[in-house]
Amino acid sequence: MSADDLTPRRTGDVLHREVRAPSDESERGPGGERLQHAEAASKPIRADAPREPQPRGARVRGNRPIDQAEAAERFLAAPMHQKAHDERLWDVRRKRDVAAHGIPEWEELRELASRIKTHTLTHLDRYLEQFEAAAEANGVHVHWAEDGAAHNRIVLDILKRHGARSLVKSKSMLTEECGFRHFMAAHDIDVIETDLGERIQQLDEEEPSHVVMPAVHKTRLDVADVFARTLGTDPDNDDAHYLAESQRETTRPLILKADAGLTGCNFAIAETGTVVTCTNEGNADLSGNVPPLQIHSIGIEKLLPRVEHLGVFIRLLSRSALGSPITQYTSHFRKPRTGSEMHFVLVDNGRSERLAMEEFWTSLKCIRCGACMNTCPVYRRSGGLSYGATYSGPIGLIIDPTFDKRKYSTLPFSSTMNGSCTNVCPVKINIHEQIFAWRRVLAEEHRIPLLKQGMMKAAGAVLSRPAAYRAAIQTADSALRVLPRFAVYNPANTWGKKREMPHAPRQSFHAWYRQNRMKKETDA
Amino acid sequence: MRIGLFVPCYVDAFEPEVGIATLELLERFGLTVEYPYDQTCCGQPMTNTGCHGEAAATEALFVKNFSGFDYVVAPSGSCVHQVREHLTAIPQTDEVKAVRSKTYELVEFLHDVLRIEALPWAAFPHKVAYHSNCNALRGIGHARPTELNRPFFSKPLSLLKKVKGLEIVDLTRPDECCGFGGTFSVFEPAVSAKMGYDKVTDQARAGAAYVVSADSSCLMHQKGCAERLGVPLKYIHIAQVLNGAAA
Ligand code: SF4
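Chains as they are written, first to last, in my numbering: chain A, 1 to 524; chain B, 1 to 247.
Fair warning: there could be bad hints in the mix.
Listed next, the stretches of chain A that the computed footprint assigns to chain B, with coverage defined by at least 3 CB atoms under 8 Å from CB atoms of chain B [said to hold, decoys possible]:
id: 1; region: 71-84
id: 2; region: 306-320
id: 3; region: 336-344
id: 4; region: 377-386
id: 5; region: 417-426
id: 6; region: 437-450
Label-pair restraints from in silico Cβ distances [to be verified]:
id: 7; chain 1: A; residue 1: E108; chain 2: B; residue 2: R173; range: 24 to 32 Å
id: 8; chain 1: A; residue 1: D190; chain 2: B; residue 2: V169; range: 51 to 59 Å
id: 9; chain 1: A; residue 1: D67; chain 2: B; residue 2: P120; range: 53 to 61 Å
id: 10; chain 1: A; residue 1: P104; chain 2: B; residue 2: G141; range: 17 to 25 Å
id: 11; chain 1: B; residue 1: G68; chain 2: A; residue 2: E445; range: 51 to 59 Å
id: 12; chain 1: B; residue 1: R144; chain 2: A; residue 2: G454; range: 38 to 46 Å
id: 13; chain 1: A; residue 1: E249; chain 2: B; residue 2: V169; range: 33 to 41 Å
id: 14; chain 1: A; residue 1: E249; chain 2: B; residue 2: K234; range: 52 to 60 Å
id: 15; chain 1: B; residue 1: T93; chain 2: A; residue 2: E445; range: 21 to 29 Å
id: 16; chain 1: A; residue 1: E445; chain 2: B; residue 2: A245; range: 41 to 49 Å
id: 17; chain 1: A; residue 1: R306; chain 2: B; residue 2: K234; range: 13 to 21 Å
id: 18; chain 1: A; residue 1: D157; chain 2: B; residue 2: R173; range: 47 to 55 Å
id: 19; chain 1: B; residue 1: P232; chain 2: A; residue 2: H182; range: 52 to 60 Å
Hints were generated in silico from the structure; no laboratory data involved.
Heads up, the beta-carbon is just placed ideally off N, CA and C, and yes, glycines get one too.
Whole structure, please, built from the sequences with the hints as guidance.
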């Protein structure tokens with residue numbers, strides 16, 4: 001398959017219905033109400049409600065396995081937070097459905113996007129070289145980083161060469177992955193986040209909990225608390241506009257006098273050597289265009305062959321992420337401005353290793369829209385920080401173990417494998433099947449708790465021997481006692497803590513059948 | 001046509017009336033249904049936990065019990081999904097492959113194979129919330145999930161429409177998982193139960209008197225949640241409703 005086969009289908013209509021219709025200035029929900037940007041649409045928490053402290057994320061201890069279930073339980077124990085989180089993200093999922101169902105060719109677009117990514121990833125070496133050559137021809141300095149540490153060192157070197165002491169940054173999950181903020185702090189470089197959500201997280205010394213909405217787990221009162229503590233705002237004023245304005249006023253001067261700017265990359269176009277970023281606040285433009293020194297950190301999987309492929313992904317990205325037809329700003333960075341310098345840092349950090357994993361390589365297609373998180377019922381009730389990793393939710397469950405199999409060995413179990421993530425994924429990653437595959441890999445490598453494996457062994461022994469099985473559930477009472485071995489498993493009876501136990505019937509189906517049907521057969 | 005009836009371990013132990021209703025319902029259509037007496041389980045609890053090796057002997061037993069039938073029918077979407085998609089711990093002989101491809105979930109068997117047109121004996125004059133089990137919905141294609149931009153269809157609802165007096169109520173989150181998730185319900189009880197509570201609350205808010213599903217395991221979990229919350233909802237398997245249960 002060549003890139004030529006992947007040309008998006010052109011229809012006679014250049015403008016899409018929703019853009020054309022004069023009265024339809026924005027998408028509308030089922031009730032005819034105007035759909036708002038999800039970040040602005042969340043309901044305010046009532047001022048007279050008692051303050052509920054924000055639950056913190058997973059306890060990370062070196063590379064000991066993360067206890068996601070324990071952190072989720074703490075999140076659930078903060079009902080205001082959990083409810084707001086769940087409802088806000090479900091609302092985004094609902095808007096995503098409206099947006100996706102508004103485009104007749106939606107499933108065709110997903111298929112095309114998936115195929116473009118397959119093609120690019122299976123010819124990645126070629127496209128990376130093409131991208132590098134095109135970028136250099138544009139006057140960009142291109143660097144290659146094998147891992148996160150190399151990325152941080154390369155950026156530090158560039159900053160040092162220019163005597164830069166402060167850097168403004170537009171949200172980039174890749175730099176989170178590299179531990180960039182902490183590294184730069186240790187080298188006395190001021191890093192200022194320009195994305196509102198990311199800035200909130202930075203000021204609260206927390207990681208982002210969601211790839212698109214980094215502070216979605218916080219209520220407005222939490223944000224008011226953080227800003228009161230760090231920016232001196234009124235702790236009791238949780239008005240979104242007041243808070244956003246306060247942040248903007250304190251951050252703008254820092255942006256204006258920053259020595260360097262760094263952005264992430266949504267798409268990198270091999271043909272033109274262009275970096276494309278999508279933001280709703282225009283902050284990539286600020287970080288890229290204001291300071292004299294400009295750096296873009298690029299995960300090597302972000303490549304697309306040509307500009308014409310970009311439209312497919314732009315149409316999918318924001319609709320999947322927030323249910324809006326497009327992000328407010330789609331910025332293309334190609335050449336340094338006169339008098340400034342531009343650097344691209346291409347980062348591997350485990351990606352080429354992942355590319356070689358037969359069952360898991362398609363996770364590299366991810367465009368970080370967050371749709372799988374929004375739809376995930378476990379994520380919505382756990383909070384993103386419960387995963388103790390840069391990437392949380394369904395996509396996190398399948399890529400985190402590729403970074404560290406021990407530390408993230410429990411994550412593939414934090415799922416009911418209901419498959420909704422796979423259905424919303426704009427690039428058709430079979431997420432729930434990869435979660436299933438990880439469980440097998442982890443069990444085979446004895447990375448699941450001994451107790452769990454022991455219980456499964458016992459269950460397998462009973463369930464493969466009809467006589468033992470029948471004896472075990474012969475009477476209803478003993479079924480309740482013995483079935484726990486494969487239904488309820490746990491001597492501590494975790495089932496019964498929050499749910500009533502099933503009522504034991506008078507007799508099992510086996511017993512009924514023997515009594516009512518087998519007798520007849522022998523009689524006959 | 002030789003039909004083998006598979007009654008999953010949960011149903012066998014906790015909901016025998018679901019097995020009975022399935023058997024009687026198939027017989028109403030004039031089918032001869034055999035119940036291999038040495039059956040136990042499809043291996044799902046082990047496979048679901050990643051322990052495929054531990055599931056091998058159970059899988060082999062399943063195949064031994066059910067080879068030779070024209071169809072294997074079970075009143076459980078998740079067990080059928082397991083057999084069809086994940087019964088892979090044993091060598092995939094022709095016999096194994098045949099059993100896997102001939103295993104049907106009850107609703108799809110009635111809808112796709114028997115193509116039944118009427119259920120004259122069935123009346124259920126109640127408001128019903130239908131619960132779509134995730135494996136049935138997205139795994140074996142019972143219905144169009146809300147995420148996909150495809151034409152709407154629902155095999156279970158089209159069957160329930162043939163039941164006299166039955167009224168379907170709409171849920172606000174029609175196909176969100178209820179949190180059972182097999183071993184998930186045991187190993188991650190906090191999130192699992194919260195999902196169950198939310199599901200039950202949605203069903204009650206919709207004005208349902210009964211919840212109907214094609215999966216006993218989801219029903220067992222939801223019933224446990226409803227009882228704990230003190231919500232007076234009743235839970236019943238679709239096999240019972242289609243077989244003419246009077247409620
Ligand atoms: S895995 Fe798919 S749905 Fe999830 S963030 Fe990536 S592209 Fe979006």
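Now the hints, each set against the structure:
1. 71-84: holds (count 4)
2. 306-320: violated (count 0)
3. 336-344: violated (count 0)
4. 377-386: That given contact holds, which follows from 4 residues of the region 377-386 of chain A lying within Cβ reach (below 8 Å) of chain B.
5. 417-426: With 7 residues in contact (Cβ-Cβ under 8 Å with chain B), the coverage given for the region 417-426 of chain A holds.
6. 437-450: holds (count 8)
7. E108(A) <-> R173(B): 24 to 32 Å: holds, 27 Å
8. D190(A) <-> V169(B): 51 to 59 Å: At roughly 57 Å between Cβ atoms, V169(B) and D190(A) fall inside 51 to 59 Å, so the hint holds.
9. D67(A) <-> P120(B): 53 to 61 Å: holds, 55 Å
10. P104(A) <-> G141(B): 17 to 25 Å: holds, 21 Å
11. G68(B) <-> E445(A): 51 to 59 Å: Violated, since G68(B) and E445(A) (Cβ atoms, about 38 Å apart) do not stay within the stated range.
12. R144(B) <-> G454(A): 38 to 46 Å: holds, 41 Å
13. E249(A) <-> V169(B): 33 to 41 Å: Given about 50 Å between the Cβ atoms, the range is violated.
14. E249(A) <-> K234(B): 52 to 60 Å: holds, 58 Å
15. T93(B) <-> E445(A): 21 to 29 Å: holds, 28 Å
16. E445(A) <-> A245(B): 41 to 49 Å: Taking Cβ atoms as reference, E445(A) and A245(B) lie about 47 Å apart, which means the hint holds.
17. R306(A) <-> K234(B): 13 to 21 Å: Violated, since R306(A) and K234(B) (Cβ atoms, about 59 Å apart) do not stay within the stated range.
18. D157(A) <-> R173(B): 47 to 55 Å: Given about 51 Å between the Cβ atoms, the range holds.
19. P232(B) <-> H182(A): 52 to 60 Å: holds, 54 Å
Violated hints for the displayed structure, listed by number in ascending order: 2, 3, 11, 13 and 17.
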